[in-house]
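Based on these hints, arrange chain B on the given structure of chain A.
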Amino acid sequence: MEKFGAEILVDTLIEEGVEVMFGYPGGVLLYIFDVLYDSPINFILVRHEQAAAHAAEGYARASGKVGVCMATSGPGATNLTTGIANAYMDSSPIVAITGQVTTQLIGQDAFQEADAVGITRSITKYNYLLKDARDIHRTIKEAFYIARTGRPGPVLVDVPKDVSSTRAEFEKIEKVGLRSYNPVLKGNPKQVRRAAESISRARRPVIYGGGGIIISGAAEEVRRLAESQQIPVTLTLMGLGGFPGTHPYFMGMLGMHGTWSANRAVRDCDCLIAIGARFDDRVTGKVDEFAPHAEIIHIDIDPSSIAKNVPAHIPIVGDVKTVLHQLLKELQTTAPFDSTHREKWLEEIGGWEEEHPLHYHSSKNSLKPQFVIEKIYELTRREKPVITTEVGQNQMWTAQFFKFDEPRTFISSGGLGTMGFGFPAAIGAKLAKPERLVIDIAGDGSFQMNIQELATVAQYKIPVKVVILNNQYLGMVRQWQEHFYNKRYSHTCISCQPDFKKVAEAYGVKGYRVEQPADVGPVLKEALFSDEPAVIDFRVEREENVLPIIPPGKSVYDTILAPPPKRRQPSRKGRRMK
Amino acid sequence: MSKHTLSVLVENRFGALSRISGLFSARGYNIESLSVAPTQDPTVSRMTIVTMGDDRVVEQIMKQLNKQVDVIKVWNLSQHDAIERELVLVRVAANEKSQDQVIRISQNFGAKVVDAGSGSMSLAMMGDEQEVENFLNLLKPFGVKELIRSGLVAMLKNGG
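Protein sequence lines correspond, in order, to chains A and B.
The first sequence begins at 1 in the numbering used here and counts up one residue at a time.
The second sequence begins at 1001 in the numbering used here and counts up one residue at a time.
Each hint should be verified, as a subset may be incorrect.
[Claimed, not checked] Covered stretches of chain B (in silico footprint by chain A; criterion: 3 or more residues with CB under 8 Å from a CB of chain A, positions within the stretch not fixed):
1) 1015-1026
2) 1053-1065
3) 1070-1083
[What the hints assert, rightly or not] Straight-line Cα separation of at most 20 Å, SDA-like style, residue types lysine to any residue; simulated pairs:
4) B:Lys1067 with A:Gly150
5) A:Lys461 with A:Arg436
6) A:Lys3 with A:Ser39
7) B:Lys1073 with A:Asn182
8) A:Lys501 with A:Gln472
9) B:Lys1063 with A:Leu178
10) A:Lys329 with A:Glu227
11) B:Lys1063 with A:Ser122
12) A:Lys308 with A:Asp281
13) A:Lys308 with B:Arg1027
14) B:Lys1063 with A:Asp280
15) B:Lys1063 with A:Asp302
16) A:Lys308 with B:Ala1026
17) A:Lys308 with B:Met1062
18) A:Lys502 with A:Glu532
19) B:Lys1003 with B:Ser1150
20) A:Lys131 with B:Arg1013
21) A:Lys131 with A:Phe170
22) B:Lys1067 with A:Ser122
23) A:Lys461 with A:Tyr507
24) A:Lys554 with A:Asp288
25) B:Lys1067 with A:Asp280
26) A:Lys131 with B:Leu1017
27) A:Lys131 with B:Glu1011
28) B:Lys1003 with B:His1080
29) A:Lys308 with A:Gln191
30) A:Lys308 with B:Asn1030
31) B:Lys1073 with A:Ser180
32) B:Lys1067 with A:Ser180
33) B:Lys1140 with B:Arg1104
34) A:Lys364 with A:Pro564
35) B:Lys1067 with A:Val176
36) A:Lys510 with A:Gln448
37) A:Lys286 with B:Arg1056
38) A:Lys308 with B:Asn1066
39) B:Lys1067 with A:Asp302
40) A:Lys131 with B:Thr1043
Worth flagging that the hints you see were computed from the coordinates, not collected in a lab.
Beta carbons: idealized from backbone N, C-alpha and C, even for Gly.
Just chain A, with the same shape it has in the complex (with noise of 0.2 Å):
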């Protein structure tokens, strides 16, 4: 049957399933948003490109489905390379459709025309420019099976004007299959049972999990290797709600902002299995002192994550799932494990935790940010939210006194680090998740990244929550030039800022502001359970710092702690252990 390009392409998304599309118009699109004009795909409408990647980025990652967005040729493509590059780092997997001017006007340096596929060539895992109409439907299908198969990532078509307005042949085609690429699912059975022997050998394991465990959804086999062998978890940013954030074997987020105990026991243990994590330099710190007296057991999906960093005593390539069931099964067969060096170490563990645990000191009078973000988590605890967060402290922040229970409730910006992905991905996971509450957790920098989405909020009355901790600083940035350049606050200082209540509300959206500790439990009631939109501006303590601290290429010994929570010291400085 002949059809018009643009019909070929919505129809073939429609066929993979996409319900939901974020996106912005544009010349060389416009065959296409005329198809969709009546069709069933709901397209949200967002007001600004980046934002839009972000948002099928947080539809993906709340949902485990395909997030699609689309924007025009020129700077519509160039505005989308930020998400893109966004979903590449976190391993999210995103369909990006760019329009590109008419394929003889290619390389002419016709009117918005920008060459999206060479520039988005590092940022993708793979990207097309179609150039017949023919090709459509092939094309299509192999992007979405490209995102999200073995490590999922984005893919980015790019469709000139003429191709989605030529009538061609639609044939559909059944399944796809590329004879280069066989993402490798299985583990090698010699190497599962050479980590099956090492666990059930170790006196010290400790299981260090990232995102690899949400993207494969294997926090139920996780949970099962912990508790069976008694083994204590620690999670990445990334890997949050992987494991249950309230589990007794749960030792908090590891790494630079990570808990005193979850560092000192990949520092102290003899058996690390990294699950579907990539030894990144937020995790590590410096790397001879990562885990030096371990036997390294990477299980991951991409051979290049694994080696890259740290050197693994037995790499496993495999999705993590597949692989975390052929182990289990393993171990039924190996020497049952010494349960009491199992004991003792979760014991020892249990001593650094109690040492060291996770505090702030609370203030009747002014508002710290933690004492928000345990506000939060006290009074939503029971619906599961959806959380997003922004970048820097109010991510840190987030990372350390949220507890998730659940995979995908989690949606942060973790390879990439991009301030203004919260917001647009909380748009993105609420239109996934309709029934969740779904809060991004902002800090006042970063929200004025992508504030512009609260038209998008107010248009599509889509119910997300903004709390923002303001604090009228680039906090993170002010912490490291607190910390490492003698207080000299350049360029960090941002108290020239709008208020954030009346902006929420010139959007139509409601807005509150809270100064006072006693009012952040009845304006969070009110505004987290109205079924609308809403911002609170939280005017946080404005110095208060996320603590601990590994500085940046330094070892746990290293690590600037939080005072101790009993003796009260007005002073909020760091003491450092040696």
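Leaving out everything else, chain B in the frame of chain A:
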């Protein structure tokens, strides 16, 4: 740091070459030479890449290449028995006095005189890395005016 010859079988698709060369520059790996052309199957191209790096870097390069959607297979030929050849076009200064010597060197290396003009001769030579180097060293005293190398192409012995 040592030299490695990588042989990469890739889909002959739009953008495959720039995706692979872009990977090298984006991740800070160096390319000493790169040659690419279709194989007996026109949908597949063969790239031969000569790169420098220690074992860990070369292992990462191999993994990153394998990860590319377009890449069908990668071999590190430096770890195998392989046939390596390079084509060299070189123009050397030659007058009536030195002409015979240049021709004699060429004959020794199986090179061909492909052009001769006033005061210079152009030679085409094919050989492995060592032969090419020896050949060029012998020509150097005469004065090399222009040198063009194809980059290495290589093949596993006995069909791998």
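Consistency of the hints with the structure:
no., hint, in the structure
1, 1015-1026, "holds (count 6)"
2, 1053-1065, "holds (count 5)"
3, 1070-1083, "holds (count 3)"
4, B:Lys1067 with A:Gly150, "10 Å, holds"
5, A:Lys461 with A:Arg436, "15 Å, holds"
6, A:Lys3 with A:Ser39, "15 Å, holds"
7, B:Lys1073 with A:Asn182, "11 Å, holds"
8, A:Lys501 with A:Gln472, "15 Å, holds"
9, B:Lys1063 with A:Leu178, "18 Å, holds"
10, A:Lys329 with A:Glu227, "14 Å, holds"
11, B:Lys1063 with A:Ser122, "16 Å, holds"
12, A:Lys308 with A:Asp281, "11 Å, holds"
13, A:Lys308 with B:Arg1027, "12 Å, holds"
14, B:Lys1063 with A:Asp280, "18 Å, holds"
15, B:Lys1063 with A:Asp302, "9 Å, holds"
16, A:Lys308 with B:Ala1026, "15 Å, holds"
17, A:Lys308 with B:Met1062, "12 Å, holds"
18, A:Lys502 with A:Glu532, "16 Å, holds"
19, B:Lys1003 with B:Ser1150, "17 Å, holds"
20, A:Lys131 with B:Arg1013, "13 Å, holds"
21, A:Lys131 with A:Phe170, "15 Å, holds"
22, B:Lys1067 with A:Ser122, "13 Å, holds"
23, A:Lys461 with A:Tyr507, "12 Å, holds"
24, A:Lys554 with A:Asp288, "10 Å, holds"
25, B:Lys1067 with A:Asp280, "19 Å, holds"
26, A:Lys131 with B:Leu1017, "18 Å, holds"
27, A:Lys131 with B:Glu1011, "17 Å, holds"
28, B:Lys1003 with B:His1080, "14 Å, holds"
29, A:Lys308 with A:Gln191, "19 Å, holds"
30, A:Lys308 with B:Asn1030, "17 Å, holds"
31, B:Lys1073 with A:Ser180, "8 Å, holds"
32, B:Lys1067 with A:Ser180, "10 Å, holds"
33, B:Lys1140 with B:Arg1104, "15 Å, holds"
34, A:Lys364 with A:Pro564, "19 Å, holds"
35, B:Lys1067 with A:Val176, "18 Å, holds"
36, A:Lys510 with A:Gln448, "17 Å, holds"
37, A:Lys286 with B:Arg1056, "18 Å, holds"
38, A:Lys308 with B:Asn1066, "14 Å, holds"
39, B:Lys1067 with A:Asp302, "8 Å, holds"
40, A:Lys131 with B:Thr1043, "17 Å, holds"
Against the hints set out earlier in the document, no violation occurs for any number.
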